[in-house]
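Keeping the supplied structure of chain A fixed, place chain B upon it in accordance with the hints.
Residues per chain, in single letters:
Protein chains: 2
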Amino acid sequence: MPEMRRNPITGEWTIIATERAQRPHKPSLDATPFFGGKNHDPECFFCYENEHTTPPEVLVYREKPGAANTPGWSLRVVTNKFSALNLNEEFCMQDDNHLQVCCYARGLAEVVIESPHHTLNTALFPIQQIELLLKAYKERYIELSKEPSIKYIAMFKNNGSQAGASLEHPHSQIIATPIVPPVIQAEIEGAKQYYKENKSCIYCDMIDNELKDRSRIIYENEEFLSFAPYASRSPFETWLIPKFHSDSYHKLTAKQLKGLSEAWKTVLYKIYMGLDNPPYNYFIHTSPTRQDTEEFFHWHMELIPKMTIMAGFELGTGMFINIAIPEQSAEYLRGIR
Amino acid sequence: MPEMRRNPITGEWTIIATERAQRPHKPSLDATPFFGGKNHDPECFFCYENEHTTPPEVLVYREKPGAANTPGWSLRVVTNKFSALNLNEEFCMQDDNHLQVCCYARGLAEVVIESPHHTLNTALFPIQQIELLLKAYKERYIELSKEPSIKYIAMFKNNGSQAGASLEHPHSQIIATPIVPPVIQAEIEGAKQYYKENKSCIYCDMIDNELKDRSRIIYENEEFLSFAPYASRSPFETWLIPKFHSDSYHKLTAKQLKGLSEAWKTVLYKIYMGLDNPPYNYFIHTSPTRQDTEEFFHWHMELIPKMTIMAGFELGTGMFINIAIPEQSAEYLRGIR
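Same order as they appear, the protein sequences are chains A and B. Okay, so the first sequence: first residue is 819 according to the numbering used here, each after it adds one. Okay, so the second sequence: first residue is 819 according to the numbering used here, each after it adds one.
If you are wondering where the hints come from, they were derived from the structure by calculation, not from laboratory data. A couple of the hints might just be wrong.
Where chains are identical, the list cannot tell them apart; a pair therefore holds if satisfied intra-copy or between any two copies.
Claimed, not checked - List time: in silico EDC-like cross-link candidates among lysine to aspartate or glutamate, alpha-carbon distance up to 16 Å: (1) 964 - 1026; (2) 1073 - 1149; (3) 1030 - 913; (4) 1061 - 1023; (5) 1061 - 1040; (6) 1014 - 830; (7) 1076 - 821; (8) 1030 - 914; (9) 1017 - 914; (10) 1017 - 1112; (11) 1017 - 1113; (12) 1061 - 1113.
Here chain A stands alone, though its shape is the one from the complex (with noise of 0.2 Å):
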């Protein structure tokens, strides 16, 4: 039976429908071979002996000391060169009625080579290099907050050339914006209000339920949890949230760090193994860098793997239909181990 949920947070609306599942056309997965490939290419810009391709390294892990910008990293993370957005001076124009604005695109944008293995899928990482790579996307958002202008840093990854991803070598994007996004500000005013009627952070609450619940969990361990959202708007959506309270991922520890990599590794294999490497998106939705909300914000990641297309009524209207059940989406990723 046709059924709208209701997104607590933003109020938006999904229609979860399964009929449509029948349409007499295949989901559109576009799987990318598993296993194999190449650990290094000559010609990517990306492996080792091309740090000279790309800008100077702004952070770096190794196993052994060795110069910078020089084979024998782990992990590197290096302006984008082909940024949209840069550190100039400041300007905006407006017309009398405000009908065209327009500002200095002011911002910062970095790649995250995530391993120096040409084609290793990141669900396939030693937990150890998910940990470089979690950490990583701290450290450079403690960073990046410094620059005044900055007021949200967009941390993201596009999974296979159908979801995004221009280059093959396992990277992740992050980009500091001079601006907070409108998704971030609608799930923020949603948790705020929601603080202000209950005394309570609305993602605490969602946790709640869920643990109770059980049927959407699709992992969990001590101190995270991984779930498909009630309202999900595309099949095998996947969340995953500390089970503590926290409106920033920077505010991560070491320890907390290493729970969160055990978990979004679990998630990775399970998406990898589960959906045949589809393509997808994640990105990690935490708090501004210049707005307190330590009360009622919460952050999370989220995972939405590319299994349909945002066509003409998506992309219209603002509204989703998902073809899949949120729970016997959540069932079937429980059971990939």
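Same frame as chain A, now just chain B:
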């Protein structure tokens, strides 16, 4: 120089980032074959002789009289067999703190079979056929809006499988929803606020601006204007808007429908020829069925060619990075004849 432009209606910002167009990969333009194709496919649900494979028609145009659901029609509208919504009894359930709110997905979905020809691209229709299509949208809007539970009627088209079209035969979709979708609600709120402050319609003021400036005009005739919006979200985003003030598509007169057909055919042809028949989505933004928006809202059509992939940044933040300058996109399309 990278800049950010503000959508004057919703207040959302787009990053206009021409530097990124130089990234080491081509935009994922998925051209489908020019011309050619076949007139009839015996396996196609939407072709002549297969009328019995669809639900019965709810609207049909014929040049000569004929029995319902038999060949000879010029355009048919049928209920969508794979609808995500229907008009069964209502229900709504919610938990105490509104974390899980669920309603029956009450609504209606229809498919407009735009032509008997199996593969003829909409851009290559004779103008009379475009007029039938635009008239069918109007007539179905009027009919569907009679159902009291319907709050909005989304009318849209997906062209090409990469834009979400699941069948080759040219068709549009109509989805009538029990809520006003968030994208429409945001436009209405922005336009209402502008009206309150300026005592004029924001869209009418935008039209005046565009007609003076002229750099973003793609095409115009006496009553309609097509232009690249100032804060275009993607390369070659194309709007079409009536120059006269009107909040609702279904108020179009027979004479206005002729003018619209001429303008819309020209726009579709420019997109088809200029961009090698790209995948695209277009949708009509019109007034909700049960709100008085007459003074401040202004219906329009938005067409978004799928030249790039919505990835982690766009999904995670709701911000867009456009790798083309709207004035250059408009200049290019203006030159296509």
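- Message: Flag every earlier hint the structure violates by its number, smallest first.
- Response: Violated hints: 1, 2, 6, 7; rest satisfied.
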